[in-house]
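Visitor: Residues 26 to 209, numbered by the working numbering, are exactly what the sequence shown covers, in order.
By construction, these hints were calculated from the structure, which means they are not laboratory data. Glycine included, every Cβ here is placed at the ideal spot set by N, Cα and C. Just so you know, not all the hints are guaranteed correct.
[To be verified] Simulated restraints on C-beta separations:
id, residue 1, residue 2, range
1, Gly72, Gly119, 11 to 21 angstroms
2, Cys113, Tyr135, 26 to 36 angstroms
3, Asn106, Leu141, 15 to 25 angstroms
4, Glu33, Gly73, 54 to 64 angstroms
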Amino acid sequence: MGLFTQLEKFDQKLTRGYARWGRWVWRTLIVVPVLVVLWNIGQAVWGGPRGGVILEIHSEIDRPILGFSVNGVAGANAFANGGGSTTCCGDVSGDTAEVIWTLSTTRTQYNAGMRLEKRNMTLPLPKREWGEDFLHVHFMPGDKVLLGRSKDSFSPYEDLHNGGYKTRVRQDVKDKIYGTGKMN
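Please take these sequences and the hints and turn them into a complete structure.
Guide: Okay, here's the thing in structure tokens:
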């Protein structure tokens, strides 16, 4: 048996198999990618929140913050009594958050003898809802930290009706300091 004879027999078997199973092969080749696309669309529309969050720092203390992190995701620096700045993007998930921050000094504080201090705190992480891509970290006097999620760069703790350039933490939040954890 020559090579061409074997190829002809193989071709006949392939043609018979295709005549019998061809439509199922094509159906499978069409249905599988369609199901994959539908699955991805379903996850994008109805799935839970995914992806990284944008960390936004808000400092209400009299010392600059040299850097901070939430569950290992590094955030930006902040001036003393400064507004917020953002860092994109990191995966901050879980039930608790470990916040580590480094306090720096202003020139007058340094001349008065203050030096760098590293602090950390563990506190509950607010539940993430669909579209909440911002995690706001407020540093308050007395080593208190507030965590809040929002859909935009406006913190859920800020008083947006004070009319000034800098927003401040609402008085009712300052009174109860919701979401504070314990120092480690």
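Visitor: Run every hint past the structure and note whether it holds.
Guide: Cross-check of the supplied hints:
{"no.": "1", "hint": "Gly72 / Gly119: 11 to 21 angstroms", "in the structure": "18 angstroms, holds"}
{"no.": "2", "hint": "Cys113 / Tyr135: 26 to 36 angstroms", "in the structure": "31 angstroms, holds"}
{"no.": "3", "hint": "Asn106 / Leu141: 15 to 25 angstroms", "in the structure": "18 angstroms, holds"}
{"no.": "4", "hint": "Glu33 / Gly73: 54 to 64 angstroms", "in the structure": "57 angstroms, holds"}
Every hint, counting from the list given before, is met by this structure.
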